[in-house]
Amino acid sequence: MKEERNKLPESAVPAGIRWDIMYAMRQIILLIAILIFVTAALVAPSSAATNANIVITEVTPTELSPGDIKEITLTVKNQGGGDARHITLNFQNSDHISLIGSSTVYISSLNAWCSKEIPITIKAEDEITEGAYAIPIRVTFGLYYFNASVGYVTTPMPSTNITIVFNVEGTTTLDVVDVSTDPLELREDSENNNITVLIENSGSGKARSVSLRMDPHSPFVEAYSGSTSGFTEEIEARSSHSFVFALDIEDGAEEGSYTIPLTIEYIGEDAHKFSLKKSITLKISPQADFLVGEVTTEPAVITRGTTFRMNVPVKNIGNKDAKSVKVILKTKSYFTGAKTDYLGDIEVGSEKIATFELEADRDTIPDNYENDLKLIWTDGDERLETIKSFRLVVASEERAGESLNPGFIPLAGIGFLVASLTGAFVYFKKKKG
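Mapping to the numbering used here: the sequence shown position 67 is 79, numbers consecutive.
Here are the simulated lysine-lysine pairs, DSS-like style, with alpha carbons at most 27 Å apart:
{"#": "1", "residue 1": "K295", "residue 2": "K332"}
{"#": "2", "residue 1": "K335", "residue 2": "K351"}
{"#": "3", "residue 1": "K386", "residue 2": "K364"}
{"#": "4", "residue 1": "K344", "residue 2": "K364"}
{"#": "5", "residue 1": "K128", "residue 2": "K89"}
{"#": "6", "residue 1": "K364", "residue 2": "K338"}
{"#": "7", "residue 1": "K135", "residue 2": "K89"}
{"#": "8", "residue 1": "K344", "residue 2": "K386"}
{"#": "9", "residue 1": "K400", "residue 2": "K342"}
{"#": "10", "residue 1": "K338", "residue 2": "K386"}
{"#": "11", "residue 1": "K400", "residue 2": "K344"}
{"#": "12", "residue 1": "K342", "residue 2": "K386"}
{"#": "13", "residue 1": "K295", "residue 2": "K400"}
{"#": "14", "residue 1": "K400", "residue 2": "K338"}
{"#": "15", "residue 1": "K351", "residue 2": "K400"}
{"#": "16", "residue 1": "K342", "residue 2": "K327"}
{"#": "17", "residue 1": "K351", "residue 2": "K338"}
{"#": "18", "residue 1": "K327", "residue 2": "K344"}
{"#": "19", "residue 1": "K332", "residue 2": "K342"}
{"#": "20", "residue 1": "K400", "residue 2": "K332"}
{"#": "21", "residue 1": "K364", "residue 2": "K342"}
{"#": "22", "residue 1": "K128", "residue 2": "K82"}
{"#": "23", "residue 1": "K295", "residue 2": "K327"}
{"#": "24", "residue 1": "K295", "residue 2": "K386"}
{"#": "25", "residue 1": "K386", "residue 2": "K351"}
{"#": "26", "residue 1": "K332", "residue 2": "K364"}
{"#": "27", "residue 1": "K327", "residue 2": "K364"}
{"#": "28", "residue 1": "K364", "residue 2": "K335"}
{"#": "29", "residue 1": "K327", "residue 2": "K338"}
{"#": "30", "residue 1": "K364", "residue 2": "K400"}
{"#": "31", "residue 1": "K327", "residue 2": "K386"}
Since the hints were derived computationally from the structure, they do not count as laboratory data.
Generate the whole structure from the sequences, applying the supplied hints.
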């Protein structure tokens with residue numbers, strides 16, 4: 013009975029009023045929902061900012077050597093729940109390691125939890141020592157989100173710092189990369205042949221106190237004016253050094269290739285001493301060689317004041333044809349005349365005669381004179397020469413008379429004539445009487 017007293021009959025509330033009350037309640041509920049949505053939208057930037065996070069998750073490779081110029085791949089990731097825009101990586105200065113090209117890398121966008129690979133090129137100094145080297149990176153970006161009032165917006169976020177680290181390890185690699193000779197072709201019975209050996213350090217570490225020793229064997233011997241060892245304080249990474257040696261080649265050495273042992277000793281970057289066994293190949297080329305035969309003169313006996321012709325046989329006893337052979341006679345100043353003759357080509361085993369028209373000066377002293385015969389010829393583009401010696405005898409007039417005295421015949425003829433006339437005179441005188 014009490015509930016019935018408090019309850020109003022439906023007929024007591026007009027229908028129009030009831031509708032207005034229900035409509036007002038719906039409006040209030042809708043307004044509350046809108047307020048909740050707007051509030052969530054306004055709070056979103058702060059929440060997203062704490063979730064957006066630009067990091068570098070991988071660096072490949074991280075190993076460098078002194079002097080390296082290497083392409084590096086960075087994996088940049090947005091490790092947060094908000095999208096990022098206008099990402100800039102500003103690489104800071106670092107000792108001994110630097111970025112080649114621009115020091116800034118720009119990424120237009122990186123959505124939440126997404127990553128992107130970025131290539132960069134790093135240069136390590138030539139003289140860098142082993143160890144770990146860091147490059148600081150300053151990162152700036154903006155947070156991209158939806159604002160219910162204005163739509164999508166980008167809000168700058170505080171910068172962050174990232175560091176990438178590289179490990180530097182040095183290596184030293186020495187090797188023989190070239191051998192040259194002066195003259196270009198080595199030949200038997202030659203002196204002071206310069207042998208240049210080029211040693212290259214193809215590694216990334218410096219080689220210090222580098223010595224190179226050559227151990228020649230027959231038919232090669234150390235030249236009197238040269239040496240078979242060389243030294244240099246250091247060979248930088250990716251650099252080279254030339255060592256020059258001088259060798260003689262024995263007379264009678266056969267043509268062909270000969271292996272000469274080498275020893276390289278040096279101190280590496282880690283202060284350890286190294287000794288390497290290497291070798292080079294030297295080739296003795298075939299060549300023409302000459303034998304001067306028995307020299308003859310016309311007349312056979314030469315005295316002072318004699319004009320004579322000298323014939324010098326030249327035979328190629330080598331193992332290669334001699335081209336364009338020219339012979340130059342080198343004598344004492346007592347002998348004058350034409351001292352050059354051109355013989356042309358002389359094949360192996362063949363002989364040609366060099367002829368010189370000379371005169372012995374009237375002041376020439378009787379003696380056994382040694383003369384040089386300089387032979388010049390060509391071998392391809394190379395001009396070769398050698399010197400052979402022979403002797404020329406100038407006799408005194410007294411000794412020449414023992415075999416052929418120019419005054420002996422007239423004197424004997426006069427004596428014979430006087431004796432004949434005397435005998436005839438005595439004969440006719442006796443007959444007349």
